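Construct all of the structure, not just a fragment, from the sequences and the given hints.
Heads up: the sequence lines are chains A and B, in that order. According to the working numbering, the first sequence is numbered sequentially starting from 118. According to the working numbering, the second sequence is numbered sequentially starting from 118.
Everything labelled a hint here was simulated from the structure, so no lab data went into it.
Heads up, the list lumps identical chains together, so a pair's fine if it works in one copy or across two of them.
Derived BS3-like pairs: lysine-lysine, alpha-carbon spacing no greater than 30 Å straight-line: (1) LYS431 x LYS159; (2) LYS415 x LYS124; (3) LYS124 x LYS414; (4) LYS159 x LYS181; (5) LYS242 x LYS415; (6) LYS414 x LYS357; (7) LYS159 x LYS306; (8) LYS306 x LYS161.
All values reported here derive from a predicted model rather than from experimental measurement.
2 protein chains.
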Amino acid sequence: MKNQIIKTNASIICGASVVGHKEHDGPIGHLFDIYDENDRFKQKTWEKSENQMQKLAFENALRKARLQVCDIDALFAGDLLNQCIGSAYGLLDFDIPYFGLYGACSTIIEGIILASSLISGGVFKKCAAVTSSHFCSAEQQYRTPLEYGGQRSPTAQWTVTGSGAFIVGEETESKVRITAALPGIVIDKGVNDAANMGAAMAPAAIDTLIRFFEQSETSPEDYDAIFTGDLGYEGSIILKELMAVEGYDMSINYEDCGNIIFDRERQDVHSGGSGCGCSAVVLASYILPKIQSGEYKKVLMIGTGAMMSPSSLKQGLSIPAIAHLIMLEHAEVQNGNI
Amino acid sequence: MKNQIIKTNASIICGASVVGHKEHDGPIGHLFDIYDENDRFKQKTWEKSENQMQKLAFENALRKARLQVCDIDALFAGDLLNQCIGSAYGLLDFDIPYFGLYGACSTIIEGIILASSLISGGVFKKCAAVTSSHFCSAEQQYRTPLEYGGQRSPTAQWTVTGSGAFIVGEETESKVRITAALPGIVIDKGVNDAANMGAAMAPAAIDTLIRFFEQSETSPEDYDAIFTGDLGYEGSIILKELMAVEGYDMSINYEDCGNIIFDRERQDVHSGGSGCGCSAVVLASYILPKIQSGEYKKVLMIGTGAMMSPSSLKQGLSIPAIAHLIMLEHAEVQNGNI
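In structure tokens, the structure reads:
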């Protein structure tokens, strides 16, 4: 059974997104549910702003699903901050069993895989997966204080200020079915440039994608769309080139959420968006509605995460990465309340 | 179904423990599988030493279970280091789907709950849960550099240098059955003293324990033993006092792993042991064998975690905590290979 596709019978009842100013100003800015003009969400620290984003995203997801806090059996949550305080404090108000995750930027897909697998196995009925990243809290923790104004390299990505929350339920509760999942394996191909996460994460995405195509006996053209989380401009080019070498043409229907969320030229984001929030808000606001409406019948969504820390890089280690995959399908028949 | 006990049909096939010098020198030091006299495990940094401990613990667990890497469907792992690099790098050599967790010191029980729930639901057949903490890597990240020689307050705990790994399998594979699980809710009672984690975590343990007793209609005397992960001397006194107020007598069969692992007086550890490794190595080496042999028929094990970060404390926030519970039972009949 090792490394095998998990057949899931679950659905995404709804997704909610909360973003900052720059994301709202981007090409899909009009699709997000909530945004704050100064990225502070009325809080005094960037970390508290991130907490508030998670709270707003989860509350909004509950509202959209017409559910109460007491309807949710478990929360799966995580973020990029040390000790995942974005989630622990952000979701503190909700009296729900809590599973803290750390999958770096792949966290939302890790959470959806666990939620949908446990629902498929009859353990839970409804779960939520929540994640966030904030440009300012990430910048000061991973790189330099904002005031420093450090130059960014061309391959560097821009951490998305955003939080996404998803309510995952049983199969018949929505038109957006989660029909399969493939958890990732930690892969380290020796990339040690912290300003080029796309290159570090692309091999993990390729590993998961190829395992999925081989086991499912499908190829890219069997899907309406294939998305990676935050490989960005650099990483998605690497993915396309290396997948072509392996015999998979990704040029037609593949895109990265980091390329979708920002206008690379106009918004000066170099290699595109990144962060836990990147894939989460694009999935919630751009991808899910297209599956809901039937525009996409079959989609692959791959969360990508770089699992290093500033300390491990300073100690000369390279960047391990992971990529978790879910298959989402449009279902015509629907008995749920959405 | 909210906040309810999960009925699980799984078993702990085996546990393995790797510790440092001080743990080996403690009251149960002779029970641990592997130890290193200078806590370095032949590595050049404390973080790499922690990686090596996880690797050794997992390899040893596989060996004890007479299993290969390819027999394990999923790894559930996490630790205290920023971005959980103890696990991401420590388990990098193993080609196994990886779910990164962050539950602070409750991580091993969080991992065992997820593994046993997914096995009970038929999603996986065999999983591993792995965690670690290292006194030196934790000290320099959370407190002060070792060379600083900071004074410790009486309520402060000593981070255990240890890694525990568990192989979780289907019901009939071992005499140690996981028959129930109750995931924790994040609780913040306003404690903001980073040198008194026991006080911060005790309310979370009490919340989970009382929910468990009420739902299962049992009380402490129905169990041969009840263990918390790392409340230490201070926290376990608080737990006993507050549980007594609620009508539960914890004085007979309750102990904390942080009190078991060190000799508080002789080893100068103030309020006892703490860290992800604390509950993991005590469970693997002290508790599991007693269930295996039938000395304990029914045990509650509660992983306790403090979910704050040094940043959140500096910003004036209090310490949120969580406690995850599993019920372990001795089964006479066994069809497995151990």
